Amino acid sequence: MIAAADVTVCRGDTVAVDGVTLTVEDGEFLVLAGPNGSGKTSLVRTFNGLTEPDSGEVRIDGRPVTENLVAARTAVGMVFQDPRDQIVAATVGADVAFGPENLGLPHDEIDRRVADALAAVGLHGRAEDRVDALSGGERERLAIAGALAMAPAHLVLDEPFTGLDNPSRRAVLDRLHELHAAGTGVVVVTHDLRDVLELADRVAVLADGEVAVEGPPAEAVATLAADADLGVRVPDKWANCGSHS
Amino acid sequence: MGELRLPLLMFAFVPGDSLAHRLDPRGKLLVQIAFAAAAYAHTTPRGLAVLSLLAVGCVRAAGGSVREVAWGYRWAAPFLLTAPLIAGATLGAPWFELDRAFRAGLASYRVLLILLVAGAYVRSTPVRDSRAAVQRTVPGKTGQFLGIGVGLVFRFLPLLRRDLVAAREGMRARGGGALPVRDRMRIVATAGLRRAFARADRLALALNARCLAWNPTLPRLCFRRRDLPVVALAAALLVAAVVPFLRA
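Going down the list, the protein sequences come from chains A and B.
Each residue of the first sequence is one higher than the last, beginning at 1 in this note's numbering.
Each residue of the second sequence is one higher than the last, beginning at 1001 in this note's numbering.
Calculated from the structure, these hints are not laboratory results.
In this text the structure is predicted, and so the values were computed from the model without any measurement.
One or more of the hints may lead you astray.
[Claimed, not checked] Here chain A is said to cover these stretches of chain B; the calculated rule only asks that three of the stretch's residues, wherever they fall, bring their Cβ under 8 angstroms from a Cβ of chain A:
#1 1018-1031
#2 1069-1075
[To be verified] Some residues of chain A that are not near chain B, with every Cβ distance over 10 angstroms (derived):
#3 D54
#4 A90
#5 A115
#6 H124
#7 E128
#8 A225
Every residue, glycine too, gets a C-beta built ideally from N, C-alpha and C.
All chains should be built: construct the whole structure from the sequences, respecting the hints.
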């Protein structure tokens, strides 16, 4: 379980995250929504110690993230907004292997994890493909595979649908659905609730660095539909039936 | 005629199944060092002619073409071409000494050959194999430091280059191509520098997220029978490099 307690993150003079307390249960599908600049990315980067909170604390399974950063980054896999920022190798297989190699795993285990991760994102048999020949959707899935190869308990995806066409969005959503069904916790950071609501167990909405709405998708949508100032796009079919469940 | 589309993968590994791709990176590194040493010891028309054949062979063995690799190094051309002119120029009569320019020209050509062989190495060797070769050749912390340095440089340079190209294309897309050269250079350099710092930050974040380690599991490397000729070639080049000094 990820437990953020009273977390505050400052960016210069700006308070990006303002005393947020939020938990993510094991195996849960959480959608973290909010308009641009609401503090979503800053918050999730504290989940595995990529950003250190100015105050407050994040714990994973009861242990402070700062106690063991490698353990935290293994438990919470992160997929950045632009997958090109985290792809570091020239070929698909080498990139997925990068994380497990850094963990010092034996070769057989690395090979197994690479094969499993590629299969999980629908890139089976593409290990020797050049990364620069992949489409945007395939790069997104490769970034997910790179995180999955670390065998994380939670997978955090920051705006995973940015710049993807509909088939690519669908492919990524299908993979997330399968991962969630297999027991991996998923946190999707987004400002657009299309598609992901149907997968979500819970929705939390950040506004000005604070949790403005939190609850099951139907409840959260009802609140969002009534408050356009929160700046989160709600799908029409959900907005038209605030009591959808 | 279409735009020349060669320089995309300068300083980058290109997956393939060429002879060079299948060789152990340690042997290839040894050839690099030996080739450079031989080129410095034999900067004569005859010596460089032999080394030219060898350099072309290395590029072909890596599945590339001389044109492609040379185009990738075009940034070096101004320096290599102007060096003989500057070396030959004199402040007084006869204003230009052909002999000095010729010797500088040979030295420039020598550098080009070394760059070609280096290009063949980079083209045919994954970054992690290079890292493994360095760490297994140089023991201890020094090897780890060199290995991680090699890995970071070869990961960062292609990204940085892509950012510079993006900055240049962004400038051109808004009519910047009509600006004087000085202004274009300033714009690309300023944007490039800014992006380089941002890129370095993002790369550092990504490497942290993926638990970059000083001593990761390195790829399996092993010398095979096909590596023997490579080692023999490196040995021959080293002997050729050392003999002139022994004779002297």
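Okay, the hints, checked on the actual structure:
{"no.": "1", "hint": "1018-1031", "verdict": "violated (count 0)"}
{"no.": "2", "hint": "1069-1075", "verdict": "violated (count 0)"}
{"no.": "3", "hint": "D54", "verdict": "18 angstroms, holds"}
{"no.": "4", "hint": "A90", "verdict": "4 angstroms, violated"}
{"no.": "5", "hint": "A115", "verdict": "16 angstroms, holds"}
{"no.": "6", "hint": "H124", "verdict": "17 angstroms, holds"}
{"no.": "7", "hint": "E128", "verdict": "6 angstroms, violated"}
{"no.": "8", "hint": "A225", "verdict": "35 angstroms, holds"}
In this structure, the hints that do not hold are numbers 1, 2, 4 and 7, in rising order.
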